[in-house]
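Asker: What follows is the residue order along each chain.
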Amino acid sequence: MPDYSWPPMDQRKVLGKRISRLDGNAKSSGRAKYSSDLNPPGLLFAAMLTSPHAHARIKSVDTSEAERLKGVTAVRVISKAGTEIQWAGTEIAVVSATSEPIARDAVRKIKVDYEVMPHVVREDNLANVGNRAKAAGEQVTGDPEKSFGESDAVIENTYSIPVITHCCLEPHGQVIAWGGQKLQFWPSTQAVSTVGGDLAKGLEIPATDIRVQMDYMGGGFGSKFPSDRWGVECAQLSKASGGKPVKLFLDRATELTIAGVRPSAFAKIKVAAKKDGTITSWQSQSWATGGFGGGGMPPIPYVFTKIPNIRLNHTAVSLNAGMARAWRAPNHPQASYLTCSALEDLAAKLKMDPVELFDKNADLTARPDVYRSQLKKAATLIDWSKNWHQRGEGTGSIRRGLGLGIATWGGAGHASKAKTTINPDGSVEVELGSQDLGSGTRTIIGMVAAETLGLPLSAIKVKIGDNSYPPSGPSGGSTTVGGVSSSTRKSTINALVKLMETIAPSLNTTADKLEAIDGRLRIKGSPDKGMSWQQACQKLGVNAISEMGENDTKRTEGLNTGGASGIQMADVSVDMETGIVKMNKLVAVQDCGLVINPKTAESQVLGACIMSVCAALMEERIMDQQTGRVLNADMEFYKLAGIKDIGEIVVQMDITPEHDKKGVIGLGEPCAIAGIAAIANAVANATGVRVPTAPMTPKNVLAALNSGRNA
Amino acid sequence: MQAFEYANPTTLQEATGLLSAQWGEAGILAGGTDLISLMKDYVETPKRVVNVKGIKELGGIHKSGAGLRIGSIVTFDELMENAAVRSEYPSLIEAVRGVSSPQIRNMGTVGGDLCQRPRCWYYRGGHGLLAMDASGKSLVPNGENRYHAIFPAAPAYFVSASSLGPALVALGAKVKLVSPSGNREVPIEKFFLVPQNAQGRETALQANEILTEIVVPTSKGAKNATYEVREKDALDWPLATASVALTMKGNSVGSARIVMGHVAPTPHIAAGAEKFLAGKTISESVAEEAGKAAVADAKPLSQNEYKVQLARVAVKRALLHAAGMKA
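Here the protein sequences line up with chains A and B, keeping their order.
At position 710 of the first sequence the residue is numbered 763 (this note's numbering), and the sequence of numbers has no breaks.
At position 1 of the second sequence the residue is numbered 185 (this note's numbering), and the sequence of numbers has no breaks.
There's no promise every hint is true.
To be verified - Chain B side only, calculated, beta carbon under 8 angstroms to chain A, not exhaustive: (1) N326; (2) V413; (3) V497.
By construction, these hints were calculated from the structure, which means they are not laboratory data.
Ideal Cβ placement from N, Cα and C applies to all residues, glycine included.
Throw the hints in and build the complete structure from the sequences for me.
Answerer: This is how it looks when you write it as structure tokens:
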């Protein structure tokens, strides 16, 4: 078996280089066509009717008037009479028509009679949710009571972070043409190789009848794995319309209402330490909702999992609101925010520098040395020793503060198969049924193949986004880079070995004595004995080489693994009169094993930092108990940061020989965890008061300042 | 969006002839930054859309002895770049800067800013201007009212969305409204109204009228400024604003106009603060006291008490800006 291991750090020609993404120009110029941009000939538009009620039973649906509208090609009822609706925005019926205006007009002509039922859509006050609360069993480690009694310092506070949505810029949806046996499916998905099978199940047809293609997608963040009801309905509309292509994408309001949310998290936390800062005990009563499905407990205490005495209680709250979907590091940002807030409060109580507290307790984590080293690196980048002060020591109407957050993630590669083809003319292509979520997957596949073959990146054609290519896993859990880099490495080495076997006789040697470097195949140790890449490929005659490679998740051969760590530190200024928080700087130190492309990796961390600024300062789904609806299902009051709001962001990929030898580790999620905690702690440090409720809006900051002042 | 007839008149007379005496028949399109979103949400469903951007006489900014005449289709950008406005009315410039989207400043017009509908999410969600439930009760007092009025005027709890309104009220501007039957000039503080019932409107504009121009009297050296408090620096609605115009007598204030925005269904004149300031020399503490006087009679709703403080700070900071003392 060939040696698939990564080349040593100092011998890499392509890996580890800062390379701009292959599709950057296409995307920034608009030439890149996303699925929602596709307008195949004969295209029909679909629109969906959704429930205005949060909880109701459908008594009747009358589509006759919609069906009679000129231009309407098909009408389908999704929620039939008798169906119990559990959240506003539930899909009721769908219409396809020759134009978008006709489809939207037709939807408004559908008459639905509802029996409206009582709803609960807010969980902030647990006392008001009644039987929607479901307690999970208590978990106890050690002897919390005894330990709290013997501790030197205890803090107890309640912290909360609301439900937020994925808010994908390209909403959920697809174009489908289903004429004859074959169904052509152009989705916006994180799962090119599996979404077709999922749709097939919904349509009760063989998965082999579905061809999935997607070149570009505009954001998923964990919410775009299934084919969804709208996928199934889009297919049925196409079939009912004689196989014409139908486009069904959610409108903005529906996107923010039913296409997935990140669960909220509320927790009353008590933490104790010895005088020297050693954490001894943790107790928390938490609750959360992710909509109708309830909400699990975030993994608290986060990272510091080896606290000897722990008592955990959690209550899941089921609301009449759209369901949760995975949201970039499911439950980790919430857990980091809750834990780091409590630990920073503990540090303040001890009058201790929180960096020192984290460092002191690093042995309570799974990776003490990594965190200690990252704390130092981040502190240097933000000039912590110069800029940090004891909580509340700032003066004046604008006060500056520093805070920190911590992150952990798995991120081992998913199952992935790749096919590398070397043609007699020297051209090379790599095919995978993978997808590029904007993280640079295309680019890193090309880089791995180029490195392996000793060719420039421009010599490699990367083909992804098609389920006719070898299957590759869905992009979730930060598993893509590990999966596709490993499968690409293996398929490309397998192809290279074949090429070497073909040419070895003409060099009077054997394949195992050859190497591919700088566009040449040559004998190891005798650089002048060899031939150019082109000459070598010509020896293939008419037959191309085409070889597979697989990332076997049980046997990754050192190519990829899991276990990423990160520290983020924030520097903010708070206007004490208005409660407005301004980002000065956010520093992210992040390891992810072997970093294939530092430039795209940093980009991914930058994006995560911006998401953290949004969630920390402004982002919140606002439910109205009276109407049962989302009030800010738009991009006006569902607030996201603009360029002026994000401050300076400094990313340092933690690239070291120790991390590198672990192989490739996923990055998407670990970097999206610690920022909220860092910003919230910086606000507490600046103002002298814990703002217990995220986001840190003027409303929440002033409420905390005023209650702090009155205390 | 409901299908509509599109009219593209080139004269004012032609345009007013295309309007109707009844609301809901015709919609006036200028920059379209509000009308189009209202139509997409079916909050407004005009049968005819009348584009007024092609009417030359509605454009331009002209200075005369009486002051400045600003055509209603002048865009935010044009206003911001006008030398006369820049030199005499920094308050307007600061108000325009608050519209923190280059796209909206490029498209949005002065007239559109004054005539835009409130952003109340119950209104935009189809519950009518007064945000009523099926029984006719307002959803706002017991609902999500963090962005609503702190000077509510039941049955109206929304806030006026106009960015320029408070500044123009402070500067004593008038608006000219033209209908097929003639024209009228209305002092801008009387242009903004509190609707009394579900059929009411929040401005004096009639269904068959077009707002053609704004006349801002010469400032006569009055110091003026606007200060906005927004959650975001990027595009966002203000939480509270204050516009002030101070006529000075030597170093002290002769008379003051103080108008708060985004705190009431209309730009809200802070009469108490105006009275307090007369004869005072602006200082940090005087501005602070004026801020307190401005919100003394605020009646915040269940979730928006924080806006009282924001309005107070906005008044204080606008005064300090006007007096050349950076807050």
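Asker: Against each hint, give a clear statement of whether it holds in the structure.
Answerer: To see whether the hints hold, each was checked on the structure:
no.: 1; hint: N326; in the structure: 7 angstroms, holds
no.: 2; hint: V413; in the structure: 5 angstroms, holds
no.: 3; hint: V497; in the structure: 5 angstroms, holds
Consistency note: the structure conflicts with none of the earlier hints.
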